[in-house]
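Chains A and B are the protein sequences, given in the same order. Numbering-wise (this note's numbering), the first sequence opens with residue 1 and increments by one. Numbering-wise (this note's numbering), the second sequence opens with residue 314 and increments by one.
Don't take every hint at face value.
Simulated crosslink set (DMTMM-like; lysine to aspartate or glutamate; CA at most 20 Å straight-line) [claimed, not checked]:
1) A/Lys305 / B/Glu347
2) A/Lys13 / B/Glu387
3) A/Lys19 / B/Glu380
4) A/Lys308 / B/Asp345
5) A/Lys19 / B/Asp381
6) A/Lys308 / B/Glu347
7) A/Lys156 / B/Glu362
8) B/Lys336 / A/Glu21
9) A/Lys23 / B/Asp381
10) A/Lys5 / B/Glu380
One side only, chain A facing chain B, incomplete, derived with CB under 10 Å [unchecked claim]:
11) Lys23
12) Asp24
13) Asp74
14) Tyr83
15) Ser84
16) Ala85
17) Glu87
18) Thr94
19) Gln306
20) Ile307
Just so you know, these hints were derived from the structure itself, not from any lab. The C-beta atom is built at its ideal place from N, Cα and C for all residues, glycine as well.
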Amino acid sequence: MDDAKQLEAFEAKIASGAKIEPKDWMPEAYRKQLIRMMSQHAHSEIVGMLPEGNWITRAPNLRRKAILLAKVQDEAGHGLYLYSAVETLGVDRTELLYQLHTGKAKYSSIFNYPTLTWADIGAIGWLVDGAAIMNQTALARGSYGPYSRAMVRICKEESFHNRQGYEIMMSLAQGTPEQKAMAQDALDRWWWPAVMMLGPSDDKSPNSDQLMKWKVKMESNDAIRERFIDRTVPQAEFIGLKVPDADMTFDEKTGHYTHGEINWDEFFEVIKGNGPCNAKRLKDRSEADKKGAWVREAATAYAAKQIKERAIA
Amino acid sequence: MSQDSQWPVWEVFLQGNPGIPHKHVGSVHATDAEMAIQNARDVYTRRSEGMSIWVVPANSISASSPEDQGAFFEPSNDKPYRHPTFYKIPEGVKYL
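So here's chain B without its partners, still in its complex pose (with noise of 0.2 Å):
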């Protein structure tokens, strides 16, 4: 996302609940980072949707690539032991 001339453009998240995640809403425009969160509880909170409110300067983020997203994720799958259901316990043993 490109700064244009309407300044740049941050990234808001939201956390909806005590507890949960921050999770990206949209995005908002702003000269600072104070002006970028009024700006988000404006856009982003009018019926109570956040108690917390986190902007990011959207420039500031870097994502992998989907391109690559076969590739860069495949090794999870070589590894299946890391997942519980991949040991077998006799039936009759509890807590496990």
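Same shape as in the complex, but just chain A (with noise of 0.2 Å):
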């Protein structure tokens, strides 16, 4: 078959809602979209372990603590599932870890922000994995299979970090004044880089038709802000916090929020690498990659050792 009967071939299966799976032809620029989606996802779980990771000697109480070591072991293993879901495409791991730690690949932006204070870990749970499901939730009808996979394993485990998020900011908005003042704070920190890591606003996003027909993106990404603003806002207003936006407003229409300007420039230069964290979070990133090359090489070593011994045996 030549290539415009593989393409239109392609656009069918997927227009029937078949998944595209890891063999079947694909055109490059598919391929190359979804690895470079793929692994921003992947590095995005495991850099997002450091900012929560930051709380861990110091949650306030055992019962925080363990739910928090396993919301971060959880991160590991999303970034887990999302990097071996990107191999199938013929990449190599090594190589993208590469490209995450000489700063050549991205990560979501919100990474980049700092972990102040412990309610700092409630908002992450709340807005952070609140937002990220609400893009998630889209990505699992993508149209490549190891992807949506990945994404349905995910979004199952997410329901316990939102859940966690937000009951840290209830026990703190129910607190003295100054820990409720501390989770107004932190929601204060928090909301417009939650709002703004959903991406740019549809008129600043390129590529998006096709990508959209292809079902590499599900929706757009002014969709999925509004969804989370609707339904992030009553969960504010019901724990007595309030959503740092003068300018919002509840439109009784449409049943929608519609919410003040959002700074893009801010995030415009968070992505560029001049976020408060970018340089923070990379040296940790490598530092770790490094600190664990000796337990790799002794892995590789006693293997070794045990596949020589077995053969004298």
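Since each chain comes alone in its own frame, lean on the hints to assemble the complex.
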């Protein structure tokens, strides 16, 4: 079959709702875009472990500590599901990690903000995982089989992350005036970055049409953002916290909130590497990789020795 | 799937409950089978998703080719008599 016919069959398959599997023919642009998206997604999961890992030793009690440990372990797992899914497209995981550590690959802008207080752990679970769920439930319906299946697994697990974060915020909001102020401060700092992490507005987002047709992207950034805001604002009100958007209004006619202006300059600065923690995150990731090298070498040597001993026996 | 510098890739299959088949869930990297099973346990069964794990070196799996799919599976369509609905049984006959 020539390329035009292949492409026609490929698009018909996607339109019918069938999944594309690793060995199926696919256009180069589809493969490239998936590698870019999936690896960024994988990187976001493992970089996301850093701001939360920051609070494991200082969790306020054992229950919270066990929960946070489990959550951070889940993020590692999510990274691994996703790296495993990207590898089905014939990419080497080492190459992907190299791109991350040298700053060539991107990860979610949100993880370049610092976790200054314990309330930030609540805000991340509630807002960041909340926003991620909106995005990921859409991606679970995407056309690439391995990515879609990884998303289904991840979505099942994210719900715990979201709820534990809200529970932290609720406890603080019902606590002393200082604790409530701490919760409000975390919401004030994380709200806009969470709203922005869903990506630039549709008019600033190139290539969307083809990606939608190929079901690489399922919904526009603005549509996902609207859903996130609609669900989250009442959750904040319920626990007596206020979303830091003076211009936000509720439109009775559409049933949606209209948000104030988003500072996209800040978003693009963070993406470019100029956020508060970009340098620290990359440094910590690279160091973790270097510090783990001896473990990988030892395991490789041990495996080689086992094979040798078995050969002698 | 290639063997990269982070150890060979192993495909992971989980049996969710007794009596049902093992199902492919993803892959892990590991130096040997024992490590592959341990990694698969940590990555794919944190919420009791499985009661049995199989790991298989990815390069040991041979698969049919999607390009040949039509021709390869075609013969089944020529043999509708393999399905019970092919046979006409008079109404009223029981247990058939």
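Now the hints, each set against the structure:
{"no.": "1", "hint": "A/Lys305 / B/Glu347", "verdict": "holds, 14 Å"}
{"no.": "2", "hint": "A/Lys13 / B/Glu387", "verdict": "holds, 19 Å"}
{"no.": "3", "hint": "A/Lys19 / B/Glu380", "verdict": "holds, 15 Å"}
{"no.": "4", "hint": "A/Lys308 / B/Asp345", "verdict": "holds, 13 Å"}
{"no.": "5", "hint": "A/Lys19 / B/Asp381", "verdict": "holds, 17 Å"}
{"no.": "6", "hint": "A/Lys308 / B/Glu347", "verdict": "holds, 16 Å"}
{"no.": "7", "hint": "A/Lys156 / B/Glu362", "verdict": "holds, 12 Å"}
{"no.": "8", "hint": "B/Lys336 / A/Glu21", "verdict": "holds, 16 Å"}
{"no.": "9", "hint": "A/Lys23 / B/Asp381", "verdict": "holds, 12 Å"}
{"no.": "10", "hint": "A/Lys5 / B/Glu380", "verdict": "holds, 13 Å"}
{"no.": "11", "hint": "Lys23", "verdict": "holds, 5 Å"}
{"no.": "12", "hint": "Asp24", "verdict": "holds, 5 Å"}
{"no.": "13", "hint": "Asp74", "verdict": "holds, 7 Å"}
{"no.": "14", "hint": "Tyr83", "verdict": "holds, 9 Å"}
{"no.": "15", "hint": "Ser84", "verdict": "holds, 5 Å"}
{"no.": "16", "hint": "Ala85", "verdict": "holds, 7 Å"}
{"no.": "17", "hint": "Glu87", "verdict": "holds, 6 Å"}
{"no.": "18", "hint": "Thr94", "verdict": "holds, 5 Å"}
{"no.": "19", "hint": "Gln306", "verdict": "holds, 7 Å"}
{"no.": "20", "hint": "Ile307", "verdict": "holds, 8 Å"}
The earlier numbered hints are all upheld by this structure, with none contradicted.
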